[in-house]
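Asker: Residue numbers (this note's numbering), protein chains in the order written: chain A, 337 to 660; chain B, 463 to 1028.
One thing to keep in mind: the hints can contain errors.
As the list claims (entries may be wrong) - Just a sample of chain B residues kept apart from chain A, beta carbon distances all over 12 Å, derived:
1) V596
2) F861
3) D968
As the list claims (entries may be wrong) - Per the computed footprint, the stretches of chain A lying under chain B, defined by three or more beta-carbons under 8 Å from a beta-carbon of chain B, are:
4) 466-474
5) 512-522
6) 544-557
7) 575-588
8) 629-638
Please keep in mind that the hints were generated in silico from the structure rather than gathered at the bench. For glycine and all other residues, C-beta sits at the position ideal for the given N, C-alpha and C.
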Amino acid sequence: MVYLLRRLAFGVLLLAGVVILNFLLIRLAPGDPAAVIAGEMGGASQEVLASIRERYGLDKPLLVQLGIYLSNVVRGDLGESYFFNRPVIDLILSRLGPTILLVMAAQLLAIVLGVFMGVLASLKPQGFLSGFVAVISTVGYAAPVFWTGMMLTILFASIFPILPVEGMSSARFRGGTFDYILNVARHLILPATTLGIIFLAQYARLARAAMIDVLGADYVRTARAKGVPESRVVFKHALRNAVLPILTVAGLQFGNLISGALLVETVFNWPGMGRLAFDSILRRDYPVLLGVLFFSAMMVVLANILTDLSYRLADPRINTEGRS
Amino acid sequence: MAYKTNFSEGCPFVTVSQAKQKQTPGTVIEMGNIAMKFSRRLLLNSALAATILAAAPALSHAQDIEPGGSVVVVSTQAPRHLNPAVQSGIATAVPGTQIFASLLKYDENWQPQPYLAESWDVAEDGLSVTITLVEGATFHDGEPITSEDVRFSIMTVRDNHPFQTMFEPVSDVETPDERTAVIKLSKPHPALLLAMSGALLPIIPEHVYGDGQDVQVHPANSAPVGSGPFRLVEFDPGRQITLERYEDFFIEGRPYLDRIVIRIVSDPSSMVLALEAGEADILPFLTASQDIRRLESGEGLAVTNRGYEGIGAINWLAFNTNKAPLDDIRVRQAIAYAIDRDFIVNALHRGVSAPQRGPIVESNPLFNENVEAYDLDLEKATALLDEAGHAPDANGTRFTLTVDYLPGTGEQQQNIAEYLRSQLPKIGIAVEVRASPDFPTWSQRISSFDFDLTMDMVFNWGDPVIGVHRTYLSSNIREGVIWSNTQQYSNDRVDELLEEAAVENDPERRKALYDEFQTIVTDELPVYNINLIPYHTAYDERLGNMPEGIWGLMQSMDEVYWIEQP
């Protein structure tokens, strides 16, 4: 418990640092949000520009703006979008679900498929399958995500039109909850695969290495000697121990997954936080951008804490109270 | 008659004219024709008075149109909100004109047509316009649309819309009864009728927007109570806008469609694929020649460039006329003579765009055909530079210029900037292309006059008073304001001509004033006009009555229907 509290406190400090740094970094980019809003309006007079700046407090000194922003964030207020005139929190909450869905689906796909491939490869480390996994892993890892995305789209949405091109659900969709879930699932396949492929490679290699290591261990030999069936030896005795490094990496990958989601969301028009962040940069919509960064930092911190906990769950030798 | 210039046939840019003939029952066609003739005759007899009878709404039931179905429109343009009264731009205009009705529509012949206004009458002295509203029109919350709402809408647009010239001369709107509004003007204002069409004057409810809140950030901008054929179901910012048929729309039987979904897609190639896969039905504002050519050959698809005459989008090269050596007219002319417009239009744009020679789009009846076209002439260009005293150095270079461009529209902007880098050295001008990472960066550079040459895309918005004057009036040299007179061009005669044309109600005299204006500015060249932005709409060819007026999809889609539902 003490451990958890300490981790949480550290997480909060980290978040505060992220917020301040982001706030200052964003303002280094040239361009004025008022000019963007005015540009969107087809040009505006200086008076209009001044009134836009005043409305959003952009006329105040930067440090004053930072102070106002921080005190608002502490009170749970992320401000209003300059562009949409809506509370940032509303925009983010409407985009949070799709991003979590995408990231989780990609993560699950990468882990399950990656571990499975790794295990298969580990059984015959010099065999064909092992080589195949190595090639797939390298290609998946090396190919730029937007390229993979475009190729998959062209293949499965254009040449063989079996999957939808864009979005999280069909624009024409009207129907019940169950149909909606099916509709979303169909739309999820390509983006989740695109995002998952990058990480699939890493899990496969990791699982392969860990399994080769574990399969050579004494207790596995003992289990085999006792006549335990091979599948049970592999998936129960060996995998349970090989899974620890995978869990650690999975937690660490969370940040990478979220940044990967930004590109995938743009390619597939997936209505998540990544697209919101991307659009907000172009619009100089500082509050939304800061809000998205704040939320993704929070998600990464949370994911790391959860990884830690699950790590301890998988290996009872690690004391969750922090002192052994 | 100036306004009767035959431009509808003179529009050679329709790449595929699969657009269907308007399908309307006989009675309405007849009524429509009477209205047309009526308006033409009035325009001929007295340019100051135009009264048009509306087709009786009760007669507009169509026998051969099967109503129903939904249409998916895809666009890269994310609207800030849905109230065109305080927001210009195509992003808000497309959904905004479905949600809100304007007083008039403008047809493909630049003629006003009745919409929420059943008739209108311009007084002899041009200082007042009387509007009669159709009977029984209601807002989406069931409240009647009255002349008070018209007054409120005009005043709101006048005081809040970025295009201040649209209703600036309006001093008051009188409302003698519920269906009559009399617009009082401080000076004649021939642009007024056009400013009452399309997205420029949405009729908004006073009982919603008149509650004392700042209308610029009014919550109802994102959750509007409209007056148009479709009501808002859901607005998911940056993602999707869902509209549904308004059952009590004031034209009976309309709209034909049950539902319009506008999906915002960030990647243009996804939009093309979505249209091909049948996930989307309409893809407007296409400009990339590759996409246009590809979709033209797409099965079951039609592609048209009609419906963009109103916005009149020009791709141009602007000069900083305040900066040597560009402050010399001869240098600007030399650059113009060195640019091969035909090469840009036919090779760089693969023939999808059309040449644009002057500041007013060539499809507009006010365009002056006799302006200097600056056909490619390198000898003349060299001679002009010599005359201006810019001798080439040992390397053959006279001077170096930078050229900026609007980021994000490669084919129209960046490619031409790159072309200039290889073309202008032929007359001894070295060119450096300066990229901007995004719009705010570019906008800041240009509006603070930190540039030599810049590519730009600027819209006419129908009447020159709205979209053209801002570029040339010396009173509009305003630092920090993009799309003002950032060229810092100043000519007293031009100022005079524009001021006169703004208040000249006689079409012929007005055309003459604009003719002279166009001659001067194409001679002095603060801006070298290159081409019309090749906006195209690709759509499922089973859609009937796609909007063909000058505003295209930025006008109500109440007549659009499925000939055969997908």
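Asker: With d taken as the least Cβ-Cβ distance between D968/B and chain A, does d exceed 12 Å?
Answerer: Given that every Cβ of chain A is farther than 12 Å from that of D968/B, nearest at about 29 Å, it holds.
Asker: Closest CB-CB distance from F861/B to chain A, is it above 12 Å?
Answerer: 27 Å, holds
Asker: Determine whether the non-interface label on V596/B survives the test: each CB of chain A must be over 12 Å from its CB.
Answerer: 30 Å, holds
Asker: If you look at each residue in the segment 466-474 of chain A, do at least three have a Cβ nearer than 8 Å to any Cβ of chain B?
Answerer: Per the Cβ count (0), the hint is violated.
Asker: The segment 575-588 of chain A covered by chain B? Criterion: 3 or more residues, Cβ-Cβ distance below 8 Å.
Answerer: violated (count 0)
Asker: Can you tell me if the segment 629-638 of chain A counts as covered by chain B, using C-beta to C-beta distances under 8 Å and a minimum of three residues?
Answerer: n = 0 at 8 Å, threshold three: violated.
Asker: Taking a Cβ-to-Cβ distance below 8 Å as contact, does the segment 512-522 of chain A have at least three residues touching chain B?
Answerer: violated (count 0)
Asker: Can you take a look at whether the segment 544-557 of chain A is actually covered by chain B? Rule is 3+ residues, C-beta closer than 8 Å.
Answerer: It is violated: at least three residues are needed, and the segment 544-557 of chain A offers just 0 whose Cβ sits closer than 8 Å to chain B.
Violated hints for the displayed structure, listed by number in ascending order: 4, 5, 6, 7 and 8.
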